[in-house]
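Residue numbers (the working numbering), protein chains in the order written: chain A, 1 to 193; chain B, 194 to 373.
Be careful, since some hints might not be right.
[Stated by the list, open to error] With a cut-off of at most 16 Å between alpha-carbon atoms, the simulated EDC-like pairs for lysine to aspartate or glutamate come out as follows:
id	chain 1	residue 1	chain 2	residue 2
1	A	K163	A	D117
2	A	K54	B	E316
3	A	K54	B	D336
4	B	K265	A	D26
5	A	K153	A	E58
6	B	K265	A	D34
7	A	K163	A	E178
8	A	K153	A	E98
9	A	K54	B	D313
10	B	K367	A	D8
11	A	K54	B	D311
12	B	K367	A	E44
13	B	K367	B	D311
[Said to hold, decoys possible] Output of the computed footprint for chain B on chain A, the stretches with three or more beta carbons under 8 Å from beta carbons of chain B:
id	region
14	27-39
15	50-59
16	77-90
17	101-108
The set of hints was computed from the structure by calculation and includes no laboratory data.
Glycine included, each C-beta is placed from N, C-alpha and C at the ideal position.
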Amino acid sequence: MNCMNPIDAAVLADYWLALLSSSEEDALELHLLDCDDCGQRLREMIVLADGVRKLAREGSVRMIVSDVFLQRAAEGGVKVREYLVPVGGSVECTVTAEDNILIGRLTANLAGADRVDICICNENGVEQLRMPDIPVHSGTTSIACQESIRIMKAAPSSKMIMKLVTFDDKGSEQTLGEYAFNHTRSMPGPGAW
Amino acid sequence: MNIELNDVELVLQIGAGDHAAEAELFRRMAPRIRLYGLRHLRNESAAEDLTQMVMITTLESLRARRLREPEKLAAFVLGTCRMTVMDLRRSTQRKERILEKFGTDLLKPASFSMPPLDHDRLERCVQNLRERERSVVVMTFYDEQTGADVANFLGVSEPNLRVIRHRAIHDLRKCMEGAA
Chain A
1 MNCMNPIDAA
11 VLADYWLALL
21 SSSEEDALEL
31 HLLDCDDCGQ
41 RLREMIVLAD
51 GVRKLAREGS
61 VRMIVSDVFL
71 QRAAEGGVKV
81 REYLVPVGGS
91 VECTVTAEDN
101 ILIGRLTANL
111 AGADRVDICI
121 CNENGVEQLR
131 MPDIPVHSGT
141 TSIACQESIR
151 IMKAAPSSKM
161 IMKLVTFDDK
171 GSEQTLGEYA
181 FNHTRSMPGP
191 GAW
Chain B
194 MNIELNDVEL
204 VLQIGAGDHA
214 AEAELFRRMA
224 PRIRLYGLRH
234 LRNESAAEDL
244 TQMVMITTLE
254 SLRARRLREP
264 EKLAAFVLGT
274 CRMTVMDLRR
284 STQRKERILE
294 KFGTDLLKPA
304 SFSMPPLDHD
314 RLERCVQNLR
324 ERERSVVVMT
334 FYDEQTGADV
344 ANFLGVSEPN
354 LRVIRHRAIH
364 DLRKCMEGAA
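With the hints as constraints, model all of the structure from the sequences given.
Below you can see the structure in the form of structure tokens.
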């Protein structure tokens, strides 16, 4: 059977997430009760959604998260370890076997900043990785950056510097803040990478 | 059984007492009903219950030739799904009664396997998404946050959020299929 009007994968995702209007949902459900091709693609989307949910629960993705996300994760029994760092400040940090999600919360004044990047630097301030155009808006006073807990559970004791940067009208980079994380390994493992 | 029968032919044959046609209807419709159940009940066992109950109601109607427009089989099944979900939410007792009446032979769980997923690849693909898209996809799929929650976090409208989410899902699927 070949579907003549295959439903877009993103619309199937919206259906699974109950984000469609009732009329859109009605039409889609009628189609699904008559089409095994789209049913199979919905199954693929369900599996993908479950996989992403598992990744989120494991805290293994580096990303910016919302307070609502962290609140719901904690309510769902996920153990969140969070370190708040002021602009120019540093924090002594670690991660234990019981932790599920690791957050570095960067305080910041983002007024007027259209685009904000996070630069992840080594202890000498040399950039190792950049998270460009992170999802924040100008009213934000702190940014919750989730680090992969799987990586941090394996990481040796080390210092990491995060920099928040924005760009002026001419495209020149402007530093909004620097934040130092002095990580002490508290789990057994090698002393260095 | 000729599985090439279309829905109309299937309905007519069931009305004529053809048990093979009933089996074919079950094979064809049960996985679709189960998907509906998963979406609305969010529970595999409940989705299986729904499948059995909808199939029973549908077979009863078709045997009694109560479906006046056989070409509207899908619409009839969808309506039955909706009514049954409401029933299931009210009570689970009816299931036991109808299972007693029909027995369990016809109503064994439908073959319904989910496709496999390469979790390592998924992790790489999620990490390869743009920052904004990664946050939207993960926060939306985790705990199924509403569009309003995520839109508020990003400081964008819900239609804009939908654009971001759809782009992210397409990118993710392309990456999972090895095209990106």
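Hint check results:
Of the pairs offered as hints, the one joining A/K163 and A/D117 holds, with about 8 Å between alpha carbons and a cut-off of 16 Å not exceeded. Taking the CA atoms of A/K54 and B/E316, the gap is about 10 Å. The hint holds against a cut of 16 Å. A hinted pair counts as satisfied when its Cα atoms are at most 16 Å apart, and A/K54 with B/D336 qualifies at roughly 11 Å. For the suggested pair B/K265 and A/D26, the alpha carbons sit about 14 Å apart, so the restraint of at most 16 Å is met.
Proximity of A/K153 to A/E58 is assessed by CA-CA distance (about 12 Å); at most 16 Å being required, the pair is judged to hold. At roughly 10 Å between alpha-carbon atoms, B/K265 and A/D34 fall within 16 Å of each other, so this suggested pair holds. Taking the CA atoms of A/K163 and A/E178, the gap is near 5 Å; set against the 16 Å cutoff, the hint holds. With a CA separation close to 10 Å, the supplied pair A/K153 and A/E98 stays within the 16 Å bound.
Among the hinted pairs, A/K54 with B/D313 is consistent with the structure: their alpha-carbon atoms are about 12 Å apart, no more than 16 Å. This hinted pair checks out: B/K367 and A/D8 have alpha carbons roughly 13 Å apart, not beyond 16 Å. Only pairs whose Cα atoms come within 16 Å are accepted, and A/K54 paired with B/D311 is accepted, the gap being roughly 12 Å. Taking the CA atoms of B/K367 and A/E44, the gap is about 13 Å. The hint holds against a cut of 16 Å.
This hinted pair checks out: B/K367 and B/D311 have alpha carbons roughly 14 Å apart, not beyond 16 Å. Remark: the region 27-39 of chain A is confirmed as covered by chain B, as 7 of its residues place a Cβ nearer than 8 Å to a Cβ of that chain, reaching the required three. With a cut-off of 8 Å between beta carbons, the region 50-59 of chain A has 8 residues touching chain B; three or more are needed, and the interface restraint holds. For the region 77-90 of chain A, the stated coverage by chain B is not satisfied: 0 residues place a CB nearer than 8 Å to a CB of that chain, which falls below the threshold of 3.
Note: the region 101-108 of chain A has 0 residues with beta-carbon separation from chain B under 8 Å; the three-residue rule is not met and the coverage is violated.
The structure fails to meet hints 16, 17 from the earlier list, while all remaining hints are met.
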